[in-house]
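All chains should be built: construct the whole structure from the sequences, respecting the hints.
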Amino acid sequence: MGCLLLPFWVLFAVTGVWCVVTGLLDIFYSSDLSGIGGPVGKIFAGAVLIAVPLFVLVTVRRKAWLNRNGRRVQADFVRVVAREVDSGEDGCYTAYRVICKWVNPETNQKYLFKSGYCYADPTDWLSGKTVEVVFDPSNPKRYRVDLSSLPPKAG
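Numbered by our numbering, the letters in the sequence shown go through residues 48 to 202 in order.
Source of the hints: derived by calculation from the structure; they are not laboratory data.
Cβ atoms here follow ideal geometry from the backbone N, Cα and C, with glycine treated the same way.
Each hint should be verified, as a subset may be incorrect.
[To be verified] Dumping the calculated DSS-like pairs for lysine-lysine here, alpha-carbon to alpha-carbon at most 30 Å:
hint : residue 1 : residue 2
1    : K148      : K110
2    : K188      : K161
3    : K148      : K176
4    : K176      : K188
5    : K157      : K188
6    : K157      : K110
7    : K110      : K188
8    : K176      : K157
9    : K176      : K110
10   : K161      : K176
11   : K148      : K161
12   : K161      : K110
13   : K188      : K148
[As the list claims (entries may be wrong)] Using C-beta positions, here's what the derived DEER-type ranges look like:
hint : residue 1 : residue 2 : range
14   : L104      : Y164      : 17 to 27 Å
15   : L104      : A142      : 22 to 32 Å
16   : P198      : A98       : 28 to 38 Å
17   : A98       : D123      : 32 to 42 Å
18   : K110      : L159      : 17 to 27 Å
19   : K148      : V57       : 37 to 47 Å
20   : K161      : V57       : 31 to 41 Å
21   : L101      : A142      : 24 to 34 Å
The structure is reproduced here in structure tokens:
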């Protein structure tokens, strides 16, 4: 899927570079710097158009690196933490985060892992079970809790 989106992200970045360059040229060769649509607006829009694909690229590459090189362990499910989220006009909804722990049998060091948010309470599916966690052995703070085994509405 990432390969299919590559032309889209390249187009985004190229457009961003074009906006920044034309904005800078406008600043150097024009005395009219007024309004958000002027050169400052072009530079800002260009920076955003460059930053978004860059952020996505870094995120995807980190996740891929972790999947290839990370250590996979089965962590014990501890609990689910609920958080009320105000979504403006649509009202509130509850987001759930899975907390699990793992003890390294070699060092007896304990690690606590938190998943990303999901929008259905996964407690019933996880009680008494383990959850797969992938982490960087050299930096255990870089990890991913795998909730792909949950039913679609829970994960």
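Checked hints:
1. K148 - K110: Holds, at roughly 21 Å.
2. K188 - K161: It holds: about 10 Å lies between the C-alpha atoms, which stays within 30 Å.
3. K148 - K176: holds (12 Å)
4. K176 - K188: holds (23 Å)
5. K157 - K188: Holds, at roughly 12 Å.
6. K157 - K110: Holds - the C-alpha atoms of K110 and K157 are around 23 Å apart, at most 30 Å.
7. K110 - K188: holds (14 Å)
8. K176 - K157: Holds, at roughly 18 Å.
9. K176 - K110: holds (24 Å)
10. K161 - K176: This hinted pair holds, its Cα atoms lying about 15 Å apart.
11. K148 - K161: holds (9 Å)
12. K161 - K110: Given that 30 Å is the threshold and the Cα spacing comes to 16 Å, the pair holds.
13. K188 - K148: Holds, because 13 Å separates the two Cα atoms, which is no more than 30 Å.
14. L104 - Y164: 17 to 27 Å: Given range 17 to 27 Å: holds, Cβ gap about 23 Å.
15. L104 - A142: 22 to 32 Å: holds (26 Å)
16. P198 - A98: 28 to 38 Å: holds (35 Å)
17. A98 - D123: 32 to 42 Å: Given range 32 to 42 Å: holds, Cβ gap about 39 Å.
18. K110 - L159: 17 to 27 Å: holds (21 Å)
19. K148 - V57: 37 to 47 Å: holds (42 Å)
20. K161 - V57: 31 to 41 Å: holds (34 Å)
21. L101 - A142: 24 to 34 Å: Once the Cβ atoms are compared, 27 Å apart, the range 24 to 34 Å for A142 and L101 holds.
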